[in-house]
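For chain F, the structure is supplied; the task is to place chain U on it using the hints.
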Amino acid sequence: MTRAAALLAILAVLAVAFPWFAGAYALSIATLILYFAYTTQAWNVMMGFAGQLSLGHALYVGIGAYAAGALFFHLGIGPWAGLPLAVAAAALAGVAIGALAFRFGVSGVYFALLTIAFAEFTRIAFDHLSWTGGPGGMFLPVEQRDTIDLLAFRGPPIFYYYAMLALTAGALALCWRLLGSRAGYYWQAIREDEDAARALGIAVFRWKLLAIAISAGMTAISGVFFAFYYNNLFPEQIFNTGRSIEIILGSVIGGVGTLFGPIVGAAVLTLLSEGITESLSALGWAVPGSKQVIYGVVLLGVVVFLPQGIWPPLARRLGLAR
Amino acid sequence: MTALLRATGLAKSFRGVHAVRDVSFEVAEGSITALIGPNGAGKTTVFNLIAGVHAPDAGAIQFRDRAIHGLRPEQVCAAGIGRTFQLVKPFPALSVLDNVIVGALLVERKVAAARTAARAILGKLGLDARADQPAAALTLSDRKRLEVARALATRPRLLLLDEVMAGLRPTECDQLVEVFRDLPRSDGLTILLIEHVMRAVMALAGHIAVLDRGEVIARGAPAEVVANPAVLSCYLGEDTEL
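Heads up: the protein sequence lines correspond to chains F and U, in order. According to my numbering, the first sequence is numbered sequentially starting from 2. According to my numbering, the second sequence is numbered sequentially starting from 1049.
Some clues are possibly wrong.
[What the hints assert, rightly or not] From the structure, some residues in chain U lie toward chain F, with a derived Cβ separation under 8 Å: (1) Ala1099; (2) Phe1139; (3) Ile1149; (4) Leu1153; (5) Val1159; (6) Arg1198.
These aren't lab readings, by the way, just hints derived from the structure by calculation. Note that CB positions come from ideal geometry on N, CA and C, so glycine has one too.
Isolated chain F, as found in the complex (with noise of 0.2 Å):
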């Protein structure tokens, strides 16, 4: 235990120091690679945890994001207050369609297909609503800006770095938390086995919602950065189902259920994205679709040699876990 306390506190150290050594693509590559840590995160929660698997995150992104964005645009209404709506209405979301699919029993991948279906309604849905601009976008006012203006949730690149590091230090803690609680006791023994769990006094539908509504809730508040990192909203981008594809690869390649998969994963997908097309550019290929081949092969790499993510052999070569 003391030994996994250290390596974390050394981890924190150096990313906190990073921006000091760090030059401006670094910092955004880390940015990046922390807002797919957290994102995946949120996503693990559902799936990891409880066993329920959701192939339309993008969804609870998109809603985190079209709600604080749409506030900030038409009422000028900052992000600090725009996030609990954004929050709430992701969770919200994720509660209607859990409720919808595990009352009439629908589970397994058909759950997973309505999820995408859910994902896909809402972007058509957006693509047709003016008042977001519809599919044109909608373009958040940005001014440049050097200083950091914690109100309005505006700053340098170094700002959204601390953000995304704090929101993702968060998500650890607090999933870390969860898995401790009766909640993830409930929710990992409704994943193994639900008719068990029953058989327990489990009531695992709303144990089910729990997961669902904590999971979304979080993703939206990707939603929230996504939109005032990035200023520009489209629904044909950010409800895509490739970006919810995108969310569960890291959970998926670091190891789905642990606690710091998902964030092996992303930085290991995110360095791996980035140095294919830095490598690619400086070797001079400019074969279309080598960058594709190469991930994928990749990909598959891990999946048939380390089953379980990168994560569980890791932890046990770095004597954290047997």
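What follows is chain U alone, placed relative to chain F:
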């Protein structure tokens, strides 16, 4: 003794096939009662009606003077009835201890308290040495014990055991019989078991109800029941070892 569980006129059919019709029996508080009968007699259906897996088409189930028929499985468990599954259902990726903690969390809301309770139960069932192993790594005999440990952790008044001896070697069976024999005295527990292994039934049960084709054809003390001609002809046959 008063009846802890009373089933009256239970009926259940599946797609027109009568699995159980007009089944009535009682389980006395503090007793070990066995429900026996040939395959397809309706034992598992009766069991599932009590455990809340199915709702009966007709009839009533009273538990501690409260109607429990039609409740969902988790509500039946919360009412004080723990069950095991014939085909064991451990939480394979969780450790043996964590499996039992899940059960204990029904009564102990704090994980630390649940852990203490779970350890005590693992000790009672001789699983303490396996506490930190994943449940997936256990032998069948230990999985059956885990099944019982997990159900006991919910602190039931009535424990339903579904063919818990099936597939065990005679020595393992005898060891488990010793555990069960002890429970009514030490925990104030009542046990209702479905069992094919007559060796265990005869060693444990103080009362037996015999089901055949969805109906109760005999009930009473073990010695009376096995001497009953109707039971012998329908179920036990001549070559049954007792």
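Going through the hints against the structure:
1. Ala1099: Where the cut-off is 8 Å and the nearest Cβ of chain F is about 7 Å from U:Ala1099, the hint holds.
2. Phe1139: With a closest approach of 4 Å, the U:Phe1139 hint holds.
3. Ile1149: holds (6 Å)
4. Leu1153: With Cβ-Cβ at 5 Å, under 8 Å, it holds.
5. Val1159: holds (6 Å)
6. Arg1198: Holds: closest Cβ of chain F sits about 6 Å from U:Arg1198, inside 8 Å.
Checked against the numbered hints above, the structure violates none of them.
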